Amino acid sequence: MTETSLDERPRLGVMLGARDDSEAAVFEEVAAIALAGLADTAVPSPGMRATIMNRIDTPAPRLAATVTPLHAVRSRRSLRPRRRRAPLFLAAAAAVVLIVGGVGASLTAHNAPAHEASRTLATVSAAHDVSRVTSTFSGGSAHVAVVSSASIGRSVAVITNAPDLTAGRTYELWFYRGGRATSAGTFTPSGSGRDVITLTGTYRTHDFVAATVEKTPAPDQPTTPPVFEVAT
Amino acid sequence: MSFSSQAARASTDEGAVTDDERLASALEATASGDRSAFSTVYDMTAPRVLGLCRRILVDPHMSEEVAQEVFLEIWQTSSRFDAERGRGLTWILTMAHRRAIDRVRASQSSRDRDLRIGIRDFGEEVPGVESDVETSLEFERARAAMGRLTPLQREVLDLAYFGGLTQSEIAERLDTPIGTIKTRMRDALIRLRGLLGETR
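One line per chain: the protein sequences are A and B, in this order.
Numbering-wise (this note's numbering), the first sequence opens with residue 1 and increments by one.
Numbering-wise (this note's numbering), the second sequence opens with residue 233 and increments by one.
Next up, chain A with everything else stripped away, as it sits in the complex (with noise of 0.2 Å):
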């Protein structure tokens, strides 16, 4: 018998022998429901709960820097009409290689302080006309969410497992608004696997939010395709 990892097994449903994915769905709510409540409930001792905070707080060792092949990103907001597609950037079927860049004078670096960051993350979130998008990116294995409110003007984007960048790269995040690109800012991935970014400028209603990855000094438009893009 050979053990498989975590992440080969099949679905749990499937382990229980559901057919397609719709009834292994349904036999993981039975087993929820049904099997795990079987087990009784026990309080967890004092130190846990701690001890989760302190980790997601702290940061993950930097992981080594490699070059990664992005595929175009798909919008994960339902609803949106395709022909809100923001025009400048090239059709979701392409894959991207990154082309890092550095940060030029006229841009302000937004891997701002951990707790600033948050704290507009925080703010943004509560407005009244909070809109939140996500995304994912380089083949699935990175994701973005993308809050925002215009009566703050301000827009936050929450990246986790973004690709770590070779020397002389960075990503570049951007506002698209009627026809035009302008830059929000750079920043590089922290190493912790969750990057908090506030976008620099104003935030409007129905902006698109990307981000590319560009040499430095970065440039003040895109020169590559999308890692990724939301419409907000």
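If you are wondering where the hints come from, they were derived from the structure by calculation, not from laboratory data.
This one's a predicted model, so the numbers in the text were calculated from it and none came from an experiment.
Ideal Cβ placement from N, Cα and C applies to all residues, glycine included.
Accuracy of the hints is not assured; some may be wrong.
Said to hold, decoys possible - Chain B stretches covered by chain A per the calculated footprint, using a threshold of three residues with CB under 8 Å from any CB of chain A:
#, stretch
1, 260-266
2, 292-301
3, 321-334
4, 386-396
5, 404-418
Keeping the supplied structure of chain A fixed, place chain B upon it in accordance with the hints.
Positioned in the frame of chain A, the structure of chain B alone reads:
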């Protein structure tokens, strides 16, 4: 009415019951980096996550280790949760089950797992639970539903879910054709689905 909404509405006990909308909202906010929302997710689900780990792993220390891993994974991947595709508690407990079984399979051979698991009578108390046990309406319904399965059906579900055995391993363990095991397991789950959907 969908199975999901029936199951969600039927649960009324404050301690062990998940407020589906509240948990889904907390998971969505967690995906945006809301630490407070993540704390809510933890408070709402930690006892059940840890309880499931304890049931599978038994060892309290190992169970907490795995439970911690589960919540770290929730923090990192909450963006993948889609409330339109299922309950937050299902998503979380499926994740916890997968990690606990992975730990079991990594640390024990199939033969050891067979000897350790045994065949549980679902009418018995679970040994080794030190803390307060929350008796939830959902738990009572689940126990009642399991009691209406045949002993053979309970056996295969026990081996598969709490033991982490594959259908092939169960077939070998019980010296039963794998086709029979597959049918028995699937029939049991479909039966459970119907029973849980019938209750208020």
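Hints versus structure:
1. 260-266: holds (count 6)
2. 292-301: holds (count 4)
3. 321-334: holds (count 9)
4. 386-396: Result for this restraint: holds, n = 4.
5. 404-418: holds (count 3)
Of the numbered hints given earlier, the model fails none.
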